[in-house]
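Here is what each chain is made of, one letter per residue.
Number of protein chains: 2
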Amino acid sequence: MARPSVKAERTEEILVAFEHCVALYGVEGATLERLASQSGLQRSLVRHYMGNRNDLIIALVNRFLTQSSVTFGELFNYLESLNDDQALTMIEMLFDTSYMNTTQTAVASALIIYSGSHLDIANLLRIWVQDIENGIADVLKKAYENEPNDNLQDVAAGVLGVYFNVDSLEVLGDMGKFRARSKRSAVRLIKTLSQ
Amino acid sequence: MARPSVKAERTEEILVAFEHCVALYGVEGATLERLASQSGLQRSLVRHYMGNRNDLIIALVNRFLTQSSVTFGELFNYLESLNDDQALTMIEMLFDTSYMNTTQTAVASALIIYSGSHLDIANLLRIWVQDIENGIADVLKKAYENEPNDNLQDVAAGVLGVYFNVDSLEVLGDMGKFRARSKRSAVRLIKTLSQ
DNA sequence: ACGTTTATTGTCATATTTGATAATTTACAC
DNA sequence: GTGTAAATTATCAAATATGACAATAAACGT
Numbered sequence: 001m002a003r004p005s006v007k008a009e010r011t012e013e014i015l016v017a018f019e020h021c022v023a024l025y026g027v028e029g030a031t032l033e034r035l036a037s038q039s040g041l042q043r044s045l046v047r048h049y050m051g052n053r054n055d056l057i058i059a060l061v062n063r064f065l066t067q068s069s070v071t072f073g074e075l076f077n078y079l080e081s082l083n084d085d086q087a088l089t090m091i092e093m094l095f096d097t098s099y100m101n102t103t104q105t106a107v108a109s110a111l112i113i114y115s116g117s118h119l120d121i122a123n124l125l126r127i128w129v130q131d132i133e134n135g136i137a138d139v140l141k142k143a144y145e146n147e148p149n150d151n152l153q154d155v156a157a158g159v160l161g162v163y164f165n166v167d168s169l170e171v172l173g174d175m176g177k178f179r180a181r182s183k184r185s186a187v188r189l190i191k192t193l194s195q
Numbered sequence: 001m002a003r004p005s006v007k008a009e010r011t012e013e014i015l016v017a018f019e020h021c022v023a024l025y026g027v028e029g030a031t032l033e034r035l036a037s038q039s040g041l042q043r044s045l046v047r048h049y050m051g052n053r054n055d056l057i058i059a060l061v062n063r064f065l066t067q068s069s070v071t072f073g074e075l076f077n078y079l080e081s082l083n084d085d086q087a088l089t090m091i092e093m094l095f096d097t098s099y100m101n102t103t104q105t106a107v108a109s110a111l112i113i114y115s116g117s118h119l120d121i122a123n124l125l126r127i128w129v130q131d132i133e134n135g136i137a138d139v140l141k142k143a144y145e146n147e148p149n150d151n152l153q154d155v156a157a158g159v160l161g162v163y164f165n166v167d168s169l170e171v172l173g174d175m176g177k178f179r180a181r182s183k184r185s186a187v188r189l190i191k192t193l194s195q
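From first to last, the protein sequence lines are chains G and C. Take 1 as the starting number for the first sequence in our numbering and just add one per residue. Take 1 as the starting number for the second sequence in our numbering and just add one per residue.
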């Protein structure tokens, strides 16, 4: 045949670097020049593998959504395997910095801002939020079977909010205390559900 | 003397327009061209009154911080004037869309992302968050005098998180249900405090 | 060694963004 | 109406960002 293709690796490298740029500078600030220097690849190569700027953004959104789906899917599957303490274990994992992915979180924030001028992405992210909220509610349902669904969903929205917030503020630095407080608040919230 | 100065008005117009641009496109996407067309003023005029791009960003940050300080100050002062139900009234106001300022919220999100590459702004915003958290904790303290300070601060962090999160997600549209759930969660959280 | 396919590099034109400053106009006081 | 200070407009150069495509180099099978 011919020279072996490195498309898969390059694509991955480029998207990782693009994530970094978007996390640092926002979607509109993630220029192809920055991407090039961040990835160490020439701008022409980026174009060769990923197409133009818009193609790149679309690829980033898809990557973000699938990665998030995989991560939360694994989390929820693991929790389902537990006999008890699913809810509190979930809090432990959500608020543990060792499980946190700062780049991913910053990308989420950047995409949310980008949604303000791109309604198609806004729709995708709204569903993304709903899915996570539903996932949390499902975990809570297993631990608190007798609680009405509406209450479970309310608490799920609250836990999601506290969790999203503390992660998106992580970039400000020195958030240890605030993170601990947020975590204890999430626990408080869950304990309002009746066993 | 001479032609009357319109510096104050122009400055205000420019900053309002810049807020709009930052809210829609992020800090790095808020170009002077967009600002010019948004404000209806020529780019040269923007420069005349506000200086260069960096001056503009500094002015925006200061404006954001003082506006936020004024808004929350008024809120806390009003709550202080109430005899009881300060805590729940606070929730009513925080989660009422009629009190919400979508532009202001989006600016906050944009500045948080911008903080990732500008540590000086990150420090300002960290203090900004702490101040609001403390303000909420103070309100809670009046309503729940016997509760230990640490508990009050924990709940304050939680309420802040749920509130910040729902406001920053507002841009995704169609967030009525999620907002209602978030609000009920905040109430739940507060009710974990002992009277 | 040769053809083929892909990776990689190089180059160019164009559009956008920004900074800086000159030139002009306007409104007021006298 | 004239001087004056400020507003407004008009340009220019430089830097940056993007798109498109040509040219070269490298790795593989035969």
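Calculated directly from the structure, the hints in this document are not laboratory data. Please read these numbers as outputs of a predicted model, since none were measured by experiment. Be a bit skeptical, because a hint or two may be false.
Identical copies carry no separate label here, and so any pair may be met within one copy or between two of them.
[Stated by the list, open to error] Derived DSS-like pairs (lysine-lysine); straight-line CA-CA distance at most 27 Å:
{"no.": "1", "residue 1": "191", "residue 2": "7"}
{"no.": "2", "residue 1": "141", "residue 2": "191"}
{"no.": "3", "residue 1": "177", "residue 2": "191"}
{"no.": "4", "residue 1": "7", "residue 2": "177"}
Each hint tested on the structure:
1. 191 with 7: Neither way: residue 191 and residue 7 sit 50 Å apart in one copy and 55 Å across, limit 27 Å.
2. 141 with 191: both (13 Å within a copy, 21 Å between copies)
3. 177 with 191: This pair counts as both: shortest intra-copy Cα distance 21 Å, inter-copy 23 Å.
4. 7 with 177: Result: close neither inside a copy nor across copies, 44 Å intra and 43 Å inter.
Against the hints set out earlier in the document, violations occur for numbers 1, 4.
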